[in-house]
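S.K.: Sequences listed follow chains A and B, in order.
Under our numbering, residues 1 to 315 are what the first sequence spells out, in order.
Under our numbering, residues 316 to 691 are what the second sequence spells out, in order.
No lab work stands behind these hints, which were simulated from the structure alone.
Glycine residues also receive a C-beta, built at the ideal position from the N, C-alpha and C atoms.
Mixed in with the good hints, there may be bad ones.
The calculated label-pair distances, taken between Cβ atoms and stated as ranges, are [as the list claims (entries may be wrong)]:
| # | chain 1 | residue 1 | chain 2 | residue 2 | range |
| --- | --- | --- | --- | --- | --- |
| 1 | B | 641 | A | 248 | 36 to 44 Å |
| 2 | B | 364 | A | 114 | 55 to 63 Å |
| 3 | A | 77 | B | 338 | 21 to 29 Å |
| 4 | B | 666 | A | 221 | 36 to 44 Å |
| 5 | A | 114 | B | 513 | 37 to 45 Å |
| 6 | A | 122 | B | 353 | 22 to 30 Å |
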Amino acid sequence: MNDSLLVLSIASAVVASTPILFAALGEIIANRSGVMNLGVEGMMLVGAVVGFWAGNETGSLTLALLAGGFGGAGLALIHALLAVTLRVDQTVSGLSLVIVGGGFSSFIGTSGEPSLLSAPNAVDVVPFFPEALRDLPAVGPILFGHDVVVYLGVVAVIAATWILNRTPSGLSLRAVGEDPAAADAAGIPVVRMRYLATAIGGIGAGIGGAYLTIAIVGTWQNGLTAGIGWIAVALVILAGWRPWLALIGALAFGGLNGLGFTLQLAQVDVPSDFLKMMPFIAAYLVVIAVSGNPARARRLAAPAALAQPYAREAR
Amino acid sequence: MTSLIRVEPRGHAGSWVRFGVPALALLFALALGGGILAIAGNNPFEAYRTMFDASLNGWSAMSRTLALATPLILTGLAAAVAFQMRVYNIGGEGQLYLGAIAASWVGLYLPETTPMVLMLGAMLIAGALAGAFWALLAAIPKAYFNADEIITTLMLNFVALSLMNYLIFGSQSFWRDPRRPVPGGKRLPENAILPSLSGRLHFGIIIAVVAAVVLWWILRRTSWGFQIRTIGDSPRAASYAGMSVKLKTLGVLAVSGALAAIAGVSEVSGVSKGLEPRAIATEIGFTGIIIAVVARSNPLGVVPVAVFLAAIATAGSRLQSIGIAVEVVFLLQGLIFLTVTAGEFFVSNRVRFERTAEAEQPGDSSPTTELPAGAT
Numbered sequence: 001m002n003d004s005l006l007v008l009s010i011a012s013a014v015v016a017s018t019p020i021l022f023a024a025l026g027e028i029i030a031n032r033s034g035v036m037n038l039g040v041e042g043m044m045l046v047g048a049v050v051g052f053w054a055g056n057e058t059g060s061l062t063l064a065l066l067a068g069g070f071g072g073a074g075l076a077l078i079h080a081l082l083a084v085t086l087r088v089d090q091t092v093s094g095l096s097l098v099i100v101g102g103g104f105s106s107f108i109g110t111s112g113e114p115s116l117l118s119a120p121n122a123v124d125v126v127p128f129f130p131e132a133l134r135d136l137p138a139v140g141p142i143l144f145g146h147d148v149v150v151y152l153g154v155v156a157v158i159a160a161t162w163i164l165n166r167t168p169s170g171l172s173l174r175a176v177g178e179d180p181a182a183a184d185a186a187g188i189p190v191v192r193m194r195y196l197a198t199a200i201g202g203i204g205a206g207i208g209g210a211y212l213t214i215a216i217v218g219t220w221q222n223g224l225t226a227g228i229g230w231i232a233v234a235l236v237i238l239a240g241w242r243p244w245l246a247l248i249g250a251l252a253f254g255g256l257n258g259l260g261f262t263l264q265l266a267q268v269d270v271p272s273d274f275l276k277m278m279p280f281i282a283a284y285l286v287v288i289a290v291s292g293n294p295a296r297a298r299r300l301a302a303p304a305a306l307a308q309p310y311a312r313e314a315r
Numbered sequence: 316m317t318s319l320i321r322v323e324p325r326g327h328a329g330s331w332v333r334f335g336v337p338a339l340a341l342l343f344a345l346a347l348g349g350g351i352l353a354i355a356g357n358n359p360f361e362a363y364r365t366m367f368d369a370s371l372n373g374w375s376a377m378s379r380t381l382a383l384a385t386p387l388i389l390t391g392l393a394a395a396v397a398f399q400m401r402v403y404n405i406g407g408e409g410q411l412y413l414g415a416i417a418a419s420w421v422g423l424y425l426p427e428t429t430p431m432v433l434m435l436g437a438m439l440i441a442g443a444l445a446g447a448f449w450a451l452l453a454a455i456p457k458a459y460f461n462a463d464e465i466i467t468t469l470m471l472n473f474v475a476l477s478l479m480n481y482l483i484f485g486s487q488s489f490w491r492d493p494r495r496p497v498p499g500g501k502r503l504p505e506n507a508i509l510p511s512l513s514g515r516l517h518f519g520i521i522i523a524v525v526a527a528v529v530l531w532w533i534l535r536r537t538s539w540g541f542q543i544r545t546i547g548d549s550p551r552a553a554s555y556a557g558m559s560v561k562l563k564t565l566g567v568l569a570v571s572g573a574l575a576a577i578a579g580v581s582e583v584s585g586v587s588k589g590l591e592p593r594a595i596a597t598e599i600g601f602t603g604i605i606i607a608v609v610a611r612s613n614p615l616g617v618v619p620v621a622v623f624l625a626a627i628a629t630a631g632s633r634l635q636s637i638g639i640a641v642e643v644v645f646l647l648q649g650l651i652f653l654t655v656t657a658g659e660f661f662v663s664n665r666v667r668f669e670r671t672a673e674a675e676q677p678g679d680s681s682p683t684t685e686l687p688a689g690a691t
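The shape of chain A in the complex, shown without the other chains (with noise of 0.2 Å):
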């Protein structure tokens, strides 16, 4: 029974929506503070060859995740200095992440005798759980089967859930997001709350990033996240800036990317690029349909001062 076409497939889904989650999770950190960050399709650019490269280096998926979540960061941290700093236009500066991430990563991919590209992937990813566990009907493979980075994305969404609800630092970022100004008054330092919630946006795509090549992919393609990140981006207003909810958003999004393997278990015929397409036909629907329900979208309500930069001088 674990080799059947249902079990299989929901496993892939698991699998495949790891990235995204972890992608979405920073995103939402990010959102909460105030600061909107389109770049994340190039943070996770960033993030795959910076893991990809330390991987290989150390073949350690540890290493490897970490060294991506640098990466991330790093570009996240442009972002900040742009948007918190600089206060240019989040829109306009997100998008040059995007560039800057993409050009950056495939030059880095390519450079070098032998590049990334040619590399084979030198890290081991194990399943997590003993094999007694993964054998179980059913619950085997879709529970017990993953790695241990498909289980961490699960405590991050716990983690990130107690964070800003529970903690003082948490309120204080979500205060930070709603009125910068009376945090501001209440002695919450914004700027720092927002570079801080910008860089862990940065760490979670970079993760994503740097997962998604060792363990999904397998090897170096320039340019192989393929949209991942603006799903991750689109999952973020979907899931109303709310951490469980991106968990179920992503596993939604990691099922429409297996679906091509499912069907071709099943030996359903339908042409590989109309399942490319799925994604981002449903994020495309999905996205309008949040935003036409006027009673959805106050309870899922953005944080009142997302992507409006605060200057002191000018309140």
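Based on these hints, arrange chain B on the given structure of chain A.
M.R.: Below, chain B alone, put in the same frame as chain A:
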């Protein structure tokens, strides 16, 4: 406190500042790029020298650059017209593909005996309509449900890319040449190909420059253009003044989509001479966004900026001969985007360093004014 950085908004930046800051930002981006090249073990001076020779030195180099600038001017205009109204059309890439698909369909479908002017005219119109339609898929939800156009236009890019790939790689469609062993588009007949001006440079450059002038005139001299800019400055004031923001959103995005699509028409008709996804999907639409930002959404500014970015892109293939990855082109374009964006802060704000507390009373030559609308 011994020293203090003081930031004051400028009421109105003089033209020296408005042009000088982006120029400095450009140089800074090239310096950063040079630094990265040096760290990667290349000689940056040799690299820039090679780039200059490959793209600007002499007429044949220049004509290659202008050939590449042609679609970039059009996608730059597409992004610029939307920016004028503070609408973000990130979908130029997909609209370009739709233009290429529609124009190549018309070129292959109409009889080969159709007069060239009619044929090219029909291809341009069909392409523009297809691009406008693709943009409206995002504009209608934006106007009526306030759906974020950044996300919707972007998602539609990926849909359009898969659609174009399907037509050539995934199926035996009308566009695909069944006789070629490697999947590719049918070649357009001679009367569907934009005439060459010199080498690779073709008639499309004239279309692009005329489009820039016409768009500039529309934005500056017509009431439609005035309303677009007013809505961009203050949507609320504009709707109090009786302007229909919804209809303008549809109109601006349709025009923007049509312009990006004409870039696609120009590419299939003037360069690839058939629907060739690999030749068409080269981030021309995304580069248009950088161009519009650097040109500060001014249609006439789009032309020189597009030529400059085209010069960088043209040099890419030559760089391989001295052992530098082509991808450095995207890195440089991104760095330019980044530094010019950062430079906007210095255009709209004056930064001074003050040493003592007495300097709290700054020179009276420039009173601190309110931020101009949209300066942040």
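S.K.: The structure should be examined with respect to each hint, and the outcome stated for every one.
M.R.: Hints versus structure:
The given range of 36 to 44 Å is respected by residue 641 (chain B) and residue 248 (chain A), whose C-beta atoms sit roughly 41 Å from each other. A C-beta distance of roughly 27 Å is found between residue 364 (chain B) and residue 114 (chain A), which places it outside the suggested range of 55 to 63 Å. At about 26 Å, the CB distance of residue 77 (chain A) to residue 338 (chain B) agrees with the hint of 21 to 29 Å. For the pair residue 666 (chain B) and residue 221 (chain A), the beta carbons lie near 42 Å from each other, so the given range of 36 to 44 Å is met.
Distance hint check: the CB atoms of residue 114 (chain A) and residue 513 (chain B) are about 41 Å apart, consistent with the given range 37 to 45 Å. Range check, residue 122 (chain A) to residue 353 (chain B): Cβ separation about 28 Å, and the 22 to 30 Å hint holds.
Checked against the numbered hints given earlier, the structure breaks only hint 2 and satisfies all the rest.
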